[in-house]
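Asks: Make the full structure from the sequences, and use the hints.
Number of protein chains: 2
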Amino acid sequence: MTFEVLVEVRLLAGIADPQGATIERSLPALGFAGVSAVRVGKAIRFCVDAPDAAAAETLAGEVARRLLSNPVIEEATVTVCQPSPTATGGTQQP
Amino acid sequence: MTFEVLVEVRLLAGIADPQGATIERSLPALGFAGVSAVRVGKAIRFCVDAPDAAAAETLAGEVARRLLSNPVIEEATVTVCQPSPTATGGTQQP
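In order, the protein sequences belong to chains A and B.
Positions 35 to 128 (the numbering used here) are the ones given, in order, by the first sequence.
Positions 35 to 128 (the numbering used here) are the ones given, in order, by the second sequence.
Treat the hints as calculated values from the structure; they're not laboratory data.
For each residue, glycine too, the CB sits at the ideal point set by N, CA and C.
Everything hinted at is true.
Partner residues are not named here, just some residues of chain A that face chain B (Cβ under 7 Å, in silico):
1) Ala71
2) Ala77
3) Arg79
4) Phe80
5) Val97
Facing chain A, according to a computed beta carbon distance under 8 Å, are these residues of chain B, among others:
6) Leu64
7) Gly68
8) Ala71
9) Arg79
Replies: The following block contains the structure:
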């Protein structure tokens, strides 16, 4: 079964985020008020072939830990969306 | 009230994703099989001061449209998480 997985990689609290700070400084010039604490991370989506959701989550977590995040400065959250036989994606097979 | 908001910015289907392709090519060398259709996007989190969740979503959607995404090649999804008086964040106020 094919599961669609979302891995969100965020900078740990306390790690400087220049991208987020730049966005935050730009907002008043565009007329936006009341937005604060902007943090920019990565959202990586992929499809996993696995027998069940738990196996998909385990595999995706391992991929996130070993390849997608740097645990010194980042944390990763894995979300298994649903079995996706018809999910859109670049190289996915039906 | 302060709401924590997640904006996920993804490349539109059909737009080339070299980062995702590079990750996908790296996986077999690390011993991972069954992962496909890797797409890399951005996950931007921030706090919004708004009277209710609908107003927070409207403001965040406008920020996503005007500042955080390029609609020619990207799409943005806004998720309002919950009122977050105690959420962690760089410059957030209690």
